[in-house]
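K.L.:
What follows is the residue order along each chain.
Number of protein chains: 2
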Amino acid sequence: MCELLGMSANVPTDIVFSFTGLMQRGGKTGPHKDGWGIAFYEGRGLRLFQDPVASCDSEVAKMIQRYQIKSEVVIGHIRHANVGKVGLVNTHPFVRELWGQHWCFAHNGQMAGFAPPKGFYRPVGDTDSESAFCDLLNRIRQAFPEPVAAEALLPTLIEACNEYRRQGVFNCLLSNGQWLFSFCSSKLAQITRRAPFGPAQLKDADLTVDFQAETTPNDVVTVLATEPLTQNERWSLHQPGQWSLWRLGECVASGRVD
Amino acid sequence: MCELLGMSANVPTDIVFSFTGLMQRGGKTGPHKDGWGIAFYEGRGLRLFQDPVASCDSEVAKMIQRYQIKSEVVIGHIRHANVGKVGLVNTHPFVRELWGQHWCFAHNGQMAGFAPPKGFYRPVGDTDSESAFCDLLNRIRQAFPEPVAAEALLPTLIEACNEYRRQGVFNCLLSNGQWLFSFCSSKLAQITRRAPFGPAQLKDADLTVDFQAETTPNDVVTVLATEPLTQNERWSLHQPGQWSLWRLGECVASGRVD
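Chains as they are written, first to last, in full-length UniProt numbering: chain A, 1 to 258; chain B, 1 to 258.
It is worth saying that the hints were derived from the structure and are not from the lab. Fair warning: there could be bad hints in the mix.
To be verified - DMTMM-like mimics (lysine to aspartate or glutamate), calculated; alpha carbons at most 25 angstroms apart, straight line: (1) B:K70 to A:E59; (2) A:K203 to A:D219; (3) B:K187 to B:D258; (4) B:K85 to A:D14.
Computed from a predicted model, the values in this text were never measured in an experiment.
Build the full structure now, drawing on both the sequences and the hints.
P.N.:
Next up, the structure:
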């Protein structure tokens, strides 16, 4: 199993605090030694950093912690390989262009014998995760050759995610930079921080941040993670089948499928 | 105008020496302050680093110089913006998936009023370069829905590049990780290093490397750049209309169009 990290915010926000917590689970406080990746949207642009080594030892991870990239949408992932060997090509998040937008995807779980029909988007590596991402995009492109709002996509997205989870475990994060979609198959936690902000203490590292000093009263920042990253805040635990659509830090649609 | 950097090698080779020279031209010995990027193939995987700031000041560039990533194919670029504003979304190299392979492209030059037909691949940013890359991939996919060898692609590639250069200036590098294609419209230099290796002295920084200490007798490494990067070696200057296909450091096909 792997761990996911997602962020949706209404102002460009650095995710160094949450990223620092997650990185400890990559070989230090957790077993996810098989690579990690994180994608930051900057406007329509996307910065993708990946490393097929344990995140707690990664030079690239250290650089990101120093660099404090600010973004409105972030998707991160640390990997504990089950399908597909360890290597850059199998490292999440995965990226494809659809409708002239960079789409980004990360998955936690596995699907036994997953073999979607061959479509336009094809996996480069060997993971069931990348196959599912390609299949998802193939379905979207077939249903919507031209851009539509996220709300119009939801039935297609939810139906596909629900199919995938019946074949195993399928927690995922998906974004085109304008919105962030989350689907919980077994495990996903979330917190939305807004004024009044307070201090937060990481579970996985001896690090506290006082969000009040780092934010303005109008900031809204939602963080999603496989398990809560802080120990002194109340995270919401999503239920199996629960999906949500996030925009500018707020949940703009949500529901649950059986 | 921008500057290109390409490498094709028969063993995973670090490009730190050439990269260090190129980075100086990004705001120090050259005017290319508007961002830079470099893509390293690792097997089928691709590591892409980009920064929309001057390369001589970039934290990401410093990390790459320390990290010594080894690769058989590299494409790098520093940007002096003409079409499309400065920003991550307009920063080369550009990447798309075709046939389950990561394809990577960088361009030096500009094309006035370039408006290719809308196709499957669409630009995310505003550059003529990304539009040309998308158009090139659309032509390839239309002619070859399934994978073919690079040699079979050449007529399509060369015809497209020749069309693009008639609309302005079109020096480019293109790769799918297995081969590297270069096209010279106005300016491109190349050197192939093989045994006996000697010392090389950068033009743009006070740095010498003794390749004999860094290589084995069987290594073959070709470096392409807009202008020669070293001052004590003989670079070949490509002619307008000259194209080449590189595989494992060797030129496996070349020619020239009028």
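K.L.:
Does each hint hold? Answer for all of them.
P.N.:
Do the hints match the structure? See the list:
Only pairs whose Cα atoms come within 25 angstroms are accepted, and B:K70 paired with A:E59 is accepted, the gap being roughly 15 angstroms. At roughly 23 angstroms between alpha-carbon atoms, A:K203 and A:D219 fall within 25 angstroms of each other, so this suggested pair holds. In summary, the hint linking B:K187 to B:D258 is supported, as the alpha carbons are separated by about 15 angstroms, within the 25 angstroms threshold. The straight-line distance between the Cα atoms of B:K85 and A:D14 is roughly 24 angstroms, inside the 25 angstroms bound, and the hint therefore holds.
The structure shown violates none of the earlier numbered hints.
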